[in-house]
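Q: So the chains spell out like this:
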Amino acid sequence: EPEVTQTPSHQVTQMGQEVILRCVPISNHLYFYWYRQILGQKVEFLVSFYNNEISEKSEIFDDQFSVERPDGSNFTLKIRSTKLEDSAMYFCASSEEPQLAGGGAGELFFGEGSRLTVL
Amino acid sequence: GNSVTQMEGPVTLSEEAFLTINCTYTATGYPSLFWYVQYPGEGLQLLLKATKADDKGSNKGFEATYRKETTSFHLEKGSVQVSDSAVYFCALPGTGGGNKLTFGTGTQLKVEL
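Those protein sequence lines, which keep their order, are chains F and L. Residue 119, in our numbering, is where the first sequence stops; the numbers in between run on with no holes. Residue 113, in our numbering, is where the second sequence stops; the numbers in between run on with no holes.
Heads up, some of the hints might be wrong.
[Stated by the list, open to error] When the alpha-carbon atoms are kept at most 27 Å apart in a straight line, the in silico BS3-like pairs for lysine-lysine are as follows:
no.	chain 1	residue 1	chain 2	residue 2
1	F	Lys83	F	Lys57
2	L	Lys60	L	Lys110
3	L	Lys52	L	Lys68
4	L	Lys68	L	Lys56
5	F	Lys57	L	Lys56
6	F	Lys78	F	Lys42
7	F	Lys78	F	Lys57
8	L	Lys110	F	Lys57
9	F	Lys42	L	Lys56
10	F	Lys83	F	Lys42
11	F	Lys42	F	Lys57
12	F	Lys42	L	Lys52
13	L	Lys110	L	Lys52
14	L	Lys68	F	Lys42
Please keep in mind that the hints were generated in silico from the structure rather than gathered at the bench. Remember, predicted model here, so these are calculated numbers, not experimental data.
Based on the sequences and whatever the hints tell you, model everything.
A: Set out below in structure tokens:
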């Protein structure tokens, strides 16, 4: 069964360092997302991506964050200069159709997550 | 804006016990409601959904009824198994439309023999 894969599963980094989290979405999916969950808190939307550009982003997704689809298979999240508060589980997701506001279409398929620890 | 509140975990049950995980929501209008599940070592996956008030979503023995009177979407299962041990997330579309979901904190369920 097709699945979304994420690497690394766990990364430890020093504050101020750049981090790249990688995702391979399901091959025929067109919509890509990043979510994160800080320990003990809610899963939060970061960004959605379609047709090689950001379609929506949350206020969390500031200039320190960027996303890219460098080739036909990978979808990456880059954090330029990590802060302690960036420590979280980061989930990549993809869908064949958009997740509509009314909740129709676009079932999201998530990866296992990448745990980022910033020291 | 749209939000969900879930009961805190962990919830520990014996096999064959009845499960309820509470979820209440705040939303404009009557958006679709979802339960996602994350089994150990796997990604979140859609468990069930309900697209309008009074709808019941069901899958794998789990059920949830969209109740607009109480703004709730509680997850239930009549007889849990050890294999149901996972984290369960209640979700609804984010505020202002667009292409995102708003999730709860997740409730961890542990089922013991």
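Q: For each hint, tell me whether it holds in the structure or not.
A: These are the hints, each one checked on the structure:
For the hint linking lysine 83 of chain F to lysine 57 of chain F, the alpha-carbon distance of about 19 Å falls within 27 Å, and the restraint holds. With a CA separation close to 17 Å, the supplied pair lysine 60 of chain L and lysine 110 of chain L stays within the 27 Å bound. As the CA atoms of lysine 52 of chain L and lysine 68 of chain L are separated by approximately 9 Å, the hinted pair is consistent with the 27 Å bound. For the given pair, lysine 68 of chain L sits about 12 Å from lysine 56 of chain L by alpha-carbon distance, which is consistent with the 27 Å threshold.
A hinted pair counts as satisfied when its Cα atoms are at most 27 Å apart, and lysine 57 of chain F with lysine 56 of chain L does not qualify at roughly 31 Å. For the given pair, lysine 78 of chain F sits about 21 Å from lysine 42 of chain F by alpha-carbon distance, which is consistent with the 27 Å threshold. The straight-line distance between the Cα atoms of lysine 78 of chain F and lysine 57 of chain F is roughly 14 Å, inside the 27 Å bound, and the hint therefore holds. Distance hint between lysine 110 of chain L and lysine 57 of chain F is unfulfilled; the C-alpha atoms sit about 34 Å from each other, more than 27 Å.
Only pairs whose Cα atoms come within 27 Å are accepted, and lysine 42 of chain F paired with lysine 56 of chain L is accepted, the gap being roughly 25 Å. Taking the CA atoms of lysine 83 of chain F and lysine 42 of chain F, the gap is about 19 Å. The hint holds against a cut of 27 Å. For the proposed pair lysine 42 of chain F and lysine 57 of chain F, the alpha carbon gap of about 17 Å is at most 27 Å, so the pair holds. Between lysine 42 of chain F and lysine 52 of chain L the alpha-carbon distance is near 24 Å, which keeps this suggested pair within the 27 Å criterion.
A distance of roughly 30 Å separates the Cα atoms of lysine 110 of chain L and lysine 52 of chain L; the hinted pair therefore is violated under the 27 Å criterion. As the CA atoms of lysine 68 of chain L and lysine 42 of chain F are separated by approximately 23 Å, the hinted pair is consistent with the 27 Å bound.
Violated hints, listed in ascending order, are 5, 8, 13; each of the other numbered hints is respected by the structure.
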